[in-house]
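K.L.:
Based on the provided sequences and hints, a complete structural model is requested.
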Amino acid sequence: MATNTVPGPGAPSSLAGKAAFEVDDRLIVAGPVRRTLNKVFPDHWSFLLGEIALYSFIVLLLSGTYLTFFFDASMREVVYEGSYAPLRGVSMSAAYDSTLNMVFDVRGALMIRQMHHWAALLFVASICVHLLRIFFTGAFRRPRETNWFIGIGLLVLALLEGFAGYTLPDDLLSGTGLRIFSAVFLSIPVVGTWVYFTVFGGDFPGELIIGRLYILHVLIIPAILLALIALHLLILVKQKHTQFPGAGRTEHNVVGNRLFPTFAGKATALLFIVFGLCAALGGLVQINPIWLFGPYNPAQVSAGSQPDWYIGFIDGGARLMPPWEIDLWGYHIPPVLWGALGIPGLMFGALAFYPIIERKLTGDTASHHLLQRPRDVPVRTSLGAMALTAYIVLWISGGNDLIADKFDISLNAMTWFGRIGFLVLPPIAYWATYRLCLGLEQHDREVLEHGIETGVIRRLPSGEFIEVHQPLGPVDAHGHGQLAYGGASVPKKMNQVGGARRAVRGFFKPIEAPADVQRQAELEARGLEAEQASRELTRSGRPSEGGRPQDPRD
Amino acid sequence: MTTNHDRPGSAGGTDEPGHLHGGPDEDYTPHQLAAMDRTELDRLGARYDGVEVLHVEPAAPAGSALDKKNTRQVTRWFGLGALFALAFVVVYAGSGWFLPSWKWSVGSSVWSSLYTPLLGLLFGLSMIAVGIGLVLYVKKLLPHETAVQDKHDGSHFDRVTTGATLMSGLDNSGLPRRKMLAGTLGLLGAAFGAMLIAPLGGFLKNPNTGNPLGTTPWADGVRLLRDDGTPIRPGDQEAGSLATVFPAVEGGDRAADAALMLIRLRPEQLENLRSPAGQEDFGYGDYVAYSKICTHAGCPVSLYEQETSRILCPCHQSQFDVTDGAKPIFGPATRSLPQLPITVDDEGYFVARSDFNAPVGPSFWNIGRLG
Chain A
1 MATNTVPGPG APSSLAGKAA FEVDDRLIVA GPVRRTLNKV FPDHWSFLLG EIALYSFIVL
61 LLSGTYLTFF FDASMREVVY EGSYAPLRGV SMSAAYDSTL NMVFDVRGAL MIRQMHHWAA
121 LLFVASICVH LLRIFFTGAF RRPRETNWFI GIGLLVLALL EGFAGYTLPD DLLSGTGLRI
181 FSAVFLSIPV VGTWVYFTVF GGDFPGELII GRLYILHVLI IPAILLALIA LHLLILVKQK
241 HTQFPGAGRT EHNVVGNRLF PTFAGKATAL LFIVFGLCAA LGGLVQINPI WLFGPYNPAQ
301 VSAGSQPDWY IGFIDGGARL MPPWEIDLWG YHIPPVLWGA LGIPGLMFGA LAFYPIIERK
361 LTGDTASHHL LQRPRDVPVR TSLGAMALTA YIVLWISGGN DLIADKFDIS LNAMTWFGRI
421 GFLVLPPIAY WATYRLCLGL EQHDREVLEH GIETGVIRRL PSGEFIEVHQ PLGPVDAHGH
481 GQLAYGGASV PKKMNQVGGA RRAVRGFFKP IEAPADVQRQ AELEARGLEA EQASRELTRS
541 GRPSEGGRPQ DPRD
Chain B
1 MTTNHDRPGS AGGTDEPGHL HGGPDEDYTP HQLAAMDRTE LDRLGARYDG VEVLHVEPAA
61 PAGSALDKKN TRQVTRWFGL GALFALAFVV VYAGSGWFLP SWKWSVGSSV WSSLYTPLLG
121 LLFGLSMIAV GIGLVLYVKK LLPHETAVQD KHDGSHFDRV TTGATLMSGL DNSGLPRRKM
181 LAGTLGLLGA AFGAMLIAPL GGFLKNPNTG NPLGTTPWAD GVRLLRDDGT PIRPGDQEAG
241 SLATVFPAVE GGDRAADAAL MLIRLRPEQL ENLRSPAGQE DFGYGDYVAY SKICTHAGCP
301 VSLYEQETSR ILCPCHQSQF DVTDGAKPIF GPATRSLPQL PITVDDEGYF VARSDFNAPV
361 GPSFWNIGRL G
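From first to last, the protein sequence lines stand for chains A and B.
If you're matching positions, the first sequence starts at 1 in this note's numbering and goes up one per residue.
If you're matching positions, the second sequence starts at 1 in this note's numbering and goes up one per residue.
Read the hints as simulated data drawn from the structure, not as lab findings.
A quick note: this is a predicted structure, and the numbers were derived from the prediction, not measured.
Watch out, some of these pointers could steer you wrong.
Stated by the list, open to error - Listed next, the in silico SDA-like pairs over lysine to any residue satisfying Cα-Cα at most 25 Å (straight line):
| hint | chain 1 | residue 1 | chain 2 | residue 2 |
| --- | --- | --- | --- | --- |
| 1 | B | Lys-205 | A | Glu-512 |
| 2 | B | Lys-151 | A | Val-29 |
| 3 | B | Lys-139 | A | Ala-521 |
| 4 | A | Lys-240 | B | Lys-205 |
| 5 | A | Lys-18 | B | Ala-34 |
| 6 | B | Lys-139 | A | Glu-512 |
| 7 | B | Lys-69 | B | His-144 |
| 8 | A | Lys-238 | B | Ala-46 |
| 9 | A | Lys-18 | B | Thr-29 |
| 10 | B | Lys-151 | A | Gly-506 |
| 11 | B | Lys-205 | A | Tyr-214 |
P.N.:
This is the structure:
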């Protein structure tokens, strides 16, 4: 209404209040701001994994922008005259030269550069772990297939962005990686040589590729990443979070903390911790010391060359592939195609379409907002374990020369281990995971039916020994529990249902008297009982704890 | 007030909200709102956002011993954060001023090799301290609130009404009816898209012009040079050794496909030497020369184990037998390393007799059909 500025009841008296009313008169944001502040976020550690990716992306944007001011993305040949003596007088590209100058002649830039590299590793790693969490808890199911799809796109782009980034300094290590990359382009059937010449602007390495990778790395891919991240978050906010099943949690609500101030506080804390971790790693742990590698030279290579961790599985695939070249009347399909393009293509393709595949196979087309425990979906969990095992075999094989060297194993034996392992270990992982899931499910049902093992052994008048079980709820005439399994974690120890006091605190030595702890526990127990009647949701009052009575707050 | 408030939309004039106006302002008058306290207003607004606060576990009462202890703890972490940040600035700016120079080079002072780690440590500790302080703030100084928010599915009303608006717009445009116009628009879209993409054609380069993939700088009479630019005579190299050599042409030492391994075989290797058909005379005496570029993915094959006559590529561990025409014997490589026919010129230096006998480097689609 246009009468907001008219003095009357409820008109602001403080300066800040008046200013806020002035702003809202013009922008009308009070409603949206309140809705944002009131948004409820579920409280579970695994929901922070995606946030770590977001925060490392922020670190990447900031540190990367800094680096661009000192980097010259040119392959022009220059002779190094900077302050690093061992390379003085060596001819190299301007890209490598400017990176050396940044490291040795710009105050503090080495720390920023290493921070950038560490943040990139963390970025991809946190995306992967986030993806695994989403996969194993079924958070990708309808209506979240779109966001899953965007997430896979983000992962692929993150890999490309990382590769383009570490190739920029034009050092010997990354140049070797680029050459392998060029062989992968060449291996594409029919159009391979055209793609290769188009990407490099001629034969490898040409004089354009660093400049092209640079614009991809600092503009095109980050812009797409930023847009996709924005979309990812927008859809997340629109669809609201999933949550684990628990007391009071349904398909139609979200239980947790409001954005302001609790969630905002925690999220900001995580931002600072991620930022600080990247900075500490960037200063303390050397990474990609390009001045030790030297400038790129097509005739040189160093043994034990390794790409960044997230490219390792592609390298492993290329190493394991048997020498099978297909020859069709003089037209060739080289094996590097299968190892380096086929495996990642298959992996990301299967990942991207998994929600649709699962929906087709299970016929489950309903919307889901409650998560599943991995044990409750044994087939999916086992498929995931199988895929993960295959990935790990490839990843280990990407460094099999280092393992062979350090552990004095034959290199060829490592290759054969990888080849056989890639085929044999995944089915074993599937079978083992499936049994594990069934076992865990069975134990949950058993505890619900018979109660928790108390460890108290009793001798009956007949002379028989039995262990006393603590039922979790009402029992029938035979002493069997009546509780149905609800998809939430089942307490398995007496401590989890309040059978023991909380531990006395103190890391090296106790910092509180055991008597105080007991008194406090009694007080809280009494307080809890008094409050119980007024509480609807849970006995602990903190449904986010999954219905388990939590440790008393300090 | 000097402003003219007559026109609608300005405050204080005769502006009356239209009959479409509505929402919570009609449910609650300013008087009613003024009578509520802050918590009530907060909960009221939350209810309009579908949020209900179920339970609040209050923080330690203000002024209590626990509250004071918690406040001290949080303050301590923020203080530490400030301290580390200041220390960072001092180290960063003070180096070379009242602290030793940060500039690092081989054999320089301990301080300069500690500079970067110290910066990272202080920067990191400062931020992590702030992070820990914030976590403790939320855990110890804020009340613990449990809220529940409603999750709505899509609204049928919204779908039907939006659909009606869209479809009536489409109807009004008459596009479904005006087939010719719609068809032309489709053509326009396709042609326009093609026009926008067309400039990408500037990227295209024909890989078959001049056969760049099948030729290298090597040719008849081109000398073999070491990386320092000196030519080689047959007696210069010890038996069993390998030297990387380059063609004596402009930029030959930087060419991606020219690097050559000149290998002098030991007598026992020479006895077992098998040359593929057509390559029997490619060597010179006890010397053979093979391309250094791996036929798998293009890395330089560098590791020569002369006891087993194997050359290993460090990238993907393809192994080649130099006594058997550099045939791949393990790993993913499929083609032998191309061999360069060599001889010596009038002055007794090694020269090539022609280009390689096969394309250098990784395989590709038409490698068997190069012109």
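K.L.:
Hints first: check each against the structure and report whether it holds.
P.N.:
Outcome of the hint check:
{"no.": "1", "hint": "B:Lys-205 <-> A:Glu-512", "in the structure": "violated, 76 Å"}
{"no.": "2", "hint": "B:Lys-151 <-> A:Val-29", "in the structure": "holds, 23 Å"}
{"no.": "3", "hint": "B:Lys-139 <-> A:Ala-521", "in the structure": "holds, 19 Å"}
{"no.": "4", "hint": "A:Lys-240 <-> B:Lys-205", "in the structure": "violated, 49 Å"}
{"no.": "5", "hint": "A:Lys-18 <-> B:Ala-34", "in the structure": "holds, 15 Å"}
{"no.": "6", "hint": "B:Lys-139 <-> A:Glu-512", "in the structure": "holds, 20 Å"}
{"no.": "7", "hint": "B:Lys-69 <-> B:His-144", "in the structure": "holds, 18 Å"}
{"no.": "8", "hint": "A:Lys-238 <-> B:Ala-46", "in the structure": "holds, 17 Å"}
{"no.": "9", "hint": "A:Lys-18 <-> B:Thr-29", "in the structure": "holds, 19 Å"}
{"no.": "10", "hint": "B:Lys-151 <-> A:Gly-506", "in the structure": "violated, 42 Å"}
{"no.": "11", "hint": "B:Lys-205 <-> A:Tyr-214", "in the structure": "holds, 21 Å"}
Violation of the numbered hints given earlier is confined to hints 1, 4, 10; the remaining hints are satisfied by the structure.
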